[in-house]
Amino acid sequence: GENVEQHPSTLSVQEGDSAVIKCTYSDSASNYFPWYKQELGKGPQLIIDIRSNVGEKKDQRIAVTLNKTAKHFSLHITETQPEDSAVYFCAASGYSSASKIIFGSGTRLSIRP
Amino acid sequence: KAGVTQTPRYLIKTRGQQVTLSCSPISGHRSVSWYQQTPGQGLQFLFEYFSETQRNKGNFPGRFSGRQFSNSRSEMNVSTLELGDSALYLCASSTRGAVEETQYFGPGTRLLVL
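Line by line, the protein sequences are chains Y and B. Start counting the first sequence at 32; every next residue gets the next number (the working numbering). Start counting the second sequence at 9; every next residue gets the next number (the working numbering).
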């Protein structure tokens, strides 16, 4: 079935450094790729998304890149701050999935002061 | 616009009891999906409602059910609670529930079954 793999599962970076989270997907028909941030005690919040007609999208310190040929996409956070500590989920649209979207397993990002 | 709201935020129940959770979608959104989130299993899809009809269903037993009202508010019910039902239950709404639409999540209801 359709699948989204996310790596790494945990990531610890020094404040001010960059963080990169990578995902691969299996369904070549997927064309919508959102990223969610989940803080402790809260629901996942959309932080950025990209569609297949775009290779890269940036919003301040956050950027997402998409390589449709290789079926992978990545989240880049620059100049990390303590408030970036959270669990991040990637996702891909799933045409054969009942949920319409398939989530990765999540990355717990910790920012060291 | 107000976001997705869920009530209650926390619940403690005992095995064998039943529970009803409520979700109010973003105004104008007609699709509501429910997910179960646990540390070991991640985000698992329960079901989706659109225009008061269940449109899709995940792989959960019949003890899990839901409904949607004419104002798009949705409820999910879990009967005969088991210890393994302890989880964060999230609902997400979107305009039409189309594949390429963004789903917006509520804060979740944390259920603890003792």
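Hints are supplied without guarantee of correctness; some may be wrong.
[Stated by the list, open to error] Taking lysine-lysine pairs in the DSSO-like style, the calculated list, with each CA pair at most 27 Å apart, reads:
no.	chain 1	residue 1	chain 2	residue 2
1	Y	LYS99	Y	LYS73
2	Y	LYS53	Y	LYS89
3	Y	LYS102	B	LYS21
4	B	LYS21	Y	LYS88
5	Y	LYS89	Y	LYS102
6	B	LYS65	B	LYS21
7	B	LYS9	Y	LYS99
8	B	LYS65	Y	LYS89
9	B	LYS65	Y	LYS88
10	Y	LYS89	B	LYS21
11	Y	LYS88	Y	LYS99
12	Y	LYS102	Y	LYS88
13	Y	LYS53	Y	LYS68
14	Y	LYS99	B	LYS21
[As the list claims (entries may be wrong)] One-sided and incomplete, this derived list gives chain B residues near chain Y with beta-carbon spacing under 8 Å:
no.	residue
15	GLY24
16	GLY48
17	GLN111
18	GLY114
Read the hints as simulated data drawn from the structure, not as lab findings. Computed from a predicted structure; not experimentally measured. Ideal placement from N, C-alpha and C gives every residue a C-beta, glycine not left out.
Is Y/LYS89 within 27 Å of B/LYS21, Cα to Cα?
44 Å, violated
CA of Y/LYS99 to CA of B/LYS21, is that 27 Å or under?
Distance ~46 Å between Y/LYS99 and B/LYS21 Cα, so the pair is violated.
Does the structure keep Y/LYS88 and Y/LYS99 at a Cα separation of 27 Å or less?
The hint holds at about 14 Å.
Pair hint outcome, B/LYS21 versus Y/LYS88 [Cα-Cα no greater than 27 Å]
45 Å, violated
Next item in the hint list is B/GLY48. Is there a CB on chain Y closer than 8 Å to its CB?
10 Å, violated
Verify the proposed pairing of Y/LYS53 with Y/LYS68, using a straight-line Cα cut of 27 Å.
It holds: about 14 Å lies between the C-alpha atoms, which stays within 27 Å.
Is the interface hint satisfied for B/GLY24? The criterion is a beta-carbon contact with chain Y at less than 8 Å.
28 Å, violated
Tell me if the straight-line CA distance from Y/LYS53 to Y/LYS89 falls inside 27 Å.
16 Å, holds
When the least beta-carbon distance from B/GLY114 to chain Y is tested against 8 Å, hint result:
It holds, given that the least Cβ distance between B/GLY114 and chain Y is near 5 Å, below 8 Å.
The hint names B/GLN111 as touching chain Y; please verify it with the least Cβ-Cβ distance against 8 Å.
Given a least distance of 6 Å, the restraint on B/GLN111 holds.
Pair hint outcome, B/LYS65 versus B/LYS21 [Cα-Cα no greater than 27 Å]
25 Å, holds
Restraint status (C-alpha distance of Y/LYS89 to Y/LYS102 at most 27 Å):
Status holds; Cα separation ~19 Å.
In terms of the numbered hints stated before, the structure departs from hints 1, 3, 4, 7, 8, 9, 10, 14, 15, 16, listed from lowest to highest.
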